[in-house]
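Engineer: Chains A and B, in that order, are what the protein sequence lines are.
Per our numbering, the first sequence starts with residue 1, numbered consecutively.
Per our numbering, the second sequence starts with residue 1, numbered consecutively.
The set of hints was computed from the structure by calculation and includes no laboratory data.
Just to be clear, a hint being listed does not mean it is correct.
[Said to hold, decoys possible] Label-pair ranges, simulated between beta-carbon atoms: (1) A:196 x B:112: 37 to 43 Å; (2) A:209 x B:83: 41 to 47 Å; (3) A:15 x B:4: 38 to 44 Å; (4) B:339 x A:99: 20 to 26 Å; (5) B:331 x A:173: 40 to 46 Å; (6) B:89 x A:95: 55 to 61 Å; (7) A:95 x B:47: 18 to 24 Å; (8) A:196 x B:339: 56 to 62 Å; (9) A:171 x B:160: 15 to 21 Å.
[Unchecked claim] Partner residues aside, some chain A positions facing chain B, computed with beta carbon under 7 Å: (10) 20; (11) 60; (12) 105.
[Said to hold, decoys possible] DSS-like mimics (lysine-lysine), calculated; alpha carbons at most 30 Å apart, straight line: (13) B:251 x B:115; (14) A:208 x B:368; (15) B:357 x A:167; (16) A:208 x B:30; (17) B:425 x B:264; (18) A:208 x B:264; (19) B:251 x B:425; (20) B:368 x B:425; (21) B:115 x A:208; (22) A:208 x B:12; (23) B:156 x B:6.
Idealized CB from N, CA, C, for every residue including glycine.
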Amino acid sequence: MWKKAYEWLDERLGLNAMYTNLLDRPEPRGNWWNTLGSASLFLFIIQGLTGIFLTVYYTPSPDHAYDSVQYIMNGVAFGWLIRGIHHWGASLMVIVVFIHLLRVFFTASFKYPRELTWLIGIGLLITTLGMGFTGYLLPWHQMAFWATTVGTQIAGTVPFVGEFILKALRGGPELSALTLQRFFAAHIWMLPAVLAGLIGVHLFLIIKHGESHYPSQDE
Amino acid sequence: MNDETKKQINAKYERELQRGERFWPDSIFKDVVVSLGLFIVLVLLATFVGVENSPKADPSDTSYIPRPEWYFLFLFKFLALYGQIPVLGKIEWLATVLVPTIGIGLLTLLPFIDKSPWRYYTRRMLPLTVMGLIVIDMVLLTMMSDIPTVAEDGSKLLGLLQTTAGLIVPGLALIALFFMAYKRDENPVAPMLWTLGLAAVLMIGFTAVTLALAPPAEAEEAVASTLVDQITAGQDLYSVHCVECHGDDGKVTVIEGVEGLEGKEVSPINSRDVLYTLNDASMAEIINYGRPDAGMNPFGKAYNAEGLTKSEIDYIVLFMRYNWDDRFEKPVFKPLFPPLADGEVPSYDVHIAPMVKRYCVSCHRAGKENNEFVMTSYDEILTTGDNVDRNLVAGDETSYLLQVIQGHAILNEQGEEIIGVMPPKSTLKAEYIDAWIRWILNGMPQTAEDAAKLFVAPTPAP
Numbered sequence: 001m002w003k004k005a006y007e008w009l010d011e012r013l014g015l016n017a018m019y020t021n022l023l024d025r026p027e028p029r030g031n032w033w034n035t036l037g038s039a040s041l042f043l044f045i046i047q048g049l050t051g052i053f054l055t056v057y058y059t060p061s062p063d064h065a066y067d068s069v070q071y072i073m074n075g076v077a078f079g080w081l082i083r084g085i086h087h088w089g090a091s092l093m094v095i096v097v098f099i100h101l102l103r104v105f106f107t108a109s110f111k112y113p114r115e116l117t118w119l120i121g122i123g124l125l126i127t128t129l130g131m132g133f134t135g136y137l138l139p140w141h142q143m144a145f146w147a148t149t150v151g152t153q154i155a156g157t158v159p160f161v162g163e164f165i166l167k168a169l170r171g172g173p174e175l176s177a178l179t180l181q182r183f184f185a186a187h188i189w190m191l192p193a194v195l196a197g198l199i200g201v202h203l204f205l206i207i208k209h210g211e212s213h214y215p216s217q218d219e
Numbered sequence: 001m002n003d004e005t006k007k008q009i010n011a012k013y014e015r016e017l018q019r020g021e022r023f024w025p026d027s028i029f030k031d032v033v034v035s036l037g038l039f040i041v042l043v044l045l046a047t048f049v050g051v052e053n054s055p056k057a058d059p060s061d062t063s064y065i066p067r068p069e070w071y072f073l074f075l076f077k078f079l080a081l082y083g084q085i086p087v088l089g090k091i092e093w094l095a096t097v098l099v100p101t102i103g104i105g106l107l108t109l110l111p112f113i114d115k116s117p118w119r120y121y122t123r124r125m126l127p128l129t130v131m132g133l134i135v136i137d138m139v140l141l142t143m144m145s146d147i148p149t150v151a152e153d154g155s156k157l158l159g160l161l162q163t164t165a166g167l168i169v170p171g172l173a174l175i176a177l178f179f180m181a182y183k184r185d186e187n188p189v190a191p192m193l194w195t196l197g198l199a200a201v202l203m204i205g206f207t208a209v210t211l212a213l214a215p216p217a218e219a220e221e222a223v224a225s226t227l228v229d230q231i232t233a234g235q236d237l238y239s240v241h242c243v244e245c246h247g248d249d250g251k252v253t254v255i256e257g258v259e260g261l262e263g264k265e266v267s268p269i270n271s272r273d274v275l276y277t278l279n280d281a282s283m284a285e286i287i288n289y290g291r292p293d294a295g296m297n298p299f300g301k302a303y304n305a306e307g308l309t310k311s312e313i314d315y316i317v318l319f320m321r322y323n324w325d326d327r328f329e330k331p332v333f334k335p336l337f338p339p340l341a342d343g344e345v346p347s348y349d350v351h352i353a354p355m356v357k358r359y360c361v362s363c364h365r366a367g368k369e370n371n372e373f374v375m376t377s378y379d380e381i382l383t384t385g386d387n388v389d390r391n392l393v394a395g396d397e398t399s400y401l402l403q404v405i406q407g408h409a410i411l412n413e414q415g416e417e418i419i420g421v422m423p424p425k426s427t428l429k430a431e432y433i434d435a436w437i438r439w440i441l442n443g444m445p446q447t448a449e450d451a452a453k454l455f456v457a458p459t460p461a462p
């Protein structure tokens, strides 16, 4: 019965081919440092799932953002757990992505033929930091408000175009409801879309070239 | 890179694959273990550390010291230290724009800058030591991020130490590393490692000195996070700011005994008229901006830097809702202080202070008519007031304070009232009066430890 069902699915999906191409691949001998990339992916998925749950109650408006977060923490069953994981997951993701970068740097894994994988990886790092920056404003508390005020101010010091960047980030000269709305949009739609796309290319390149091996003395 | 080298690299990789492992299950197993470990760490952090709360954003409160997310702190500190450099330090965009852009640019273009096929660690000493130096500096800058560059007494020692640890030592080490990499003929592995090690020791040393000399961080005030805490905070604020005009139950219709507003007619704020027709936001705005024509003063920061914050106003609104609005069910509250056992002596910190805050400070603070009796701290309660030698007398049942809270006004020799009953428009609960009596009869201890020493075991009933 199960065998029949599997064969039916295999005929249509090509499960066996997927197994040989994706899972049953040879890899160079690795160690625990090689797990950081998949750990970043895992954290991205966790952030995505908890983030989706948070949007059920979160309201991106200055009048309600703070109260809706308070309600998630106190009123919603296990809201504190979901938000706690999302909050700490953000920090952990930045750490894990950064250590992943250091590992690749120290073992020179960015060299031929994996240059493009590295470029995409830098894009992933910047987007992850962007997620942290936009997500930090959303609870609309004092720390968030003033950190974003200063953060956008710093972006405004760019010569010539600084003023434009500042206004584009804030949606006006001051931090306002528009800022919150566009940070929210960036945090839940734009940046995750970019992140997911880049992760796809990153994974494709890793499967194509295989994981790099640790260098030996003659290399 | 020519085709011959590429072929060699690919052949080498094939050999590594031959003596390697399988993606499934070898690599996947490790990946799953690490991911699961991270998930457990996240759940533990969320459960036992939680998320730090902060008051609601308040654009008018410009005194708030901003801090970015912790992973940007090293950049923040770098900016502050960079600002100390003469002349160059004044050109802000060099540090805010140019340095980060160069950093990210170098990182991005790394595969095109470092095009040599060499991968083994000793053949890549320059990139490895430079990256090591930068990572150590990032960690140390993050650790120092909270410490001011100029101390309160104007001393610049802390700033100098930080600049040495975070900019000067790593800068010099960077120059030395580049010099060694390009000026020596043989591969200088050991000298470069020694340079990195020495720089690291110096940087960590200067950071340690900075941290040791830094003034202790001020403890941040806890933010009320549960509904009960917020309503209690609201009640305390209401007791200080609102009681004089609106009364402790909010049903005052004509203001009495308040300078400048005497006889003003107001709507009772505990009525359905007010509570059903105004939503929380409107009530908060009325408290914030006031209604001058109707006699309501503004209490927010818009007109007064010392005024209430947005969060504080929200707490008052919550207090009003949950106490007077019959559509809301009041949660269970903790008592002001734990009930006193037989023979237990109350202390200022645990028992008296919460009562004073709730029932007395509204009038007994600077700038109010109160016979100069100010009750905002332990010392003031004992040392201020026109009748300071009679208000609180250790062991004396006839202390003025005890008399007035039990309903006896104090009269002078001509029979005129000099102190009325307190609180003026209500009476304290019996257990509160009992705590006051026990406190004064036992010599008014300040801390819970002092009070515990005075504990007298009650004689057991026969």
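Engineer: Each hint: holds or not?
Structural biologist: Hints, verified against the model:
1. A:196 x B:112: 37 to 43 Å: At roughly 27 Å between Cβ atoms, residue 112 of chain B and residue 196 of chain A fall outside 37 to 43 Å, so the hint is violated.
2. A:209 x B:83: 41 to 47 Å: With a Cβ separation near 45 Å, residue 209 of chain A and residue 83 of chain B satisfy 41 to 47 Å, so the hint holds.
3. A:15 x B:4: 38 to 44 Å: holds, 41 Å
4. B:339 x A:99: 20 to 26 Å: violated, 54 Å
5. B:331 x A:173: 40 to 46 Å: With a Cβ separation near 42 Å, residue 331 of chain B and residue 173 of chain A satisfy 40 to 46 Å, so the hint holds.
6. B:89 x A:95: 55 to 61 Å: violated, 31 Å
7. A:95 x B:47: 18 to 24 Å: holds, 20 Å
8. A:196 x B:339: 56 to 62 Å: Holds - the Cβ-Cβ distance for residue 196 of chain A and residue 339 of chain B, about 58 Å, lies within 56 to 62 Å.
9. A:171 x B:160: 15 to 21 Å: violated, 41 Å
10. 20: Hint on residue 20 of chain A: violated, closest Cβ of chain B at ~10 Å, above 7 Å.
11. 60: Check failed: Cβ of residue 60 of chain A comes no nearer than 13 Å to chain B, outside 7 Å.
12. 105: For residue 105 of chain A, the interface hint holds, since the closest Cβ of chain B sits about 6 Å away, which is under 7 Å.
13. B:251 x B:115: Status violated; Cα separation ~81 Å.
14. A:208 x B:368: violated, 78 Å
15. B:357 x A:167: Violated, at roughly 45 Å.
16. A:208 x B:30: holds, 21 Å
17. B:425 x B:264: holds, 18 Å
18. A:208 x B:264: violated, 81 Å
19. B:251 x B:425: Given that 30 Å is the threshold and the Cα spacing comes to 12 Å, the pair holds.
20. B:368 x B:425: This hinted pair holds, its Cα atoms lying about 17 Å apart.
21. B:115 x A:208: holds, 21 Å
22. A:208 x B:12: Holds: residue 208 of chain A and residue 12 of chain B sit about 17 Å apart, inside 30 Å.
23. B:156 x B:6: Roughly 56 Å separates the two Cα atoms, so the pair is violated.
Hint violations for this structure: numbers 1, 4, 6, 9, 10, 11, 13, 14, 15, 18 and 23, all remaining hints satisfied.
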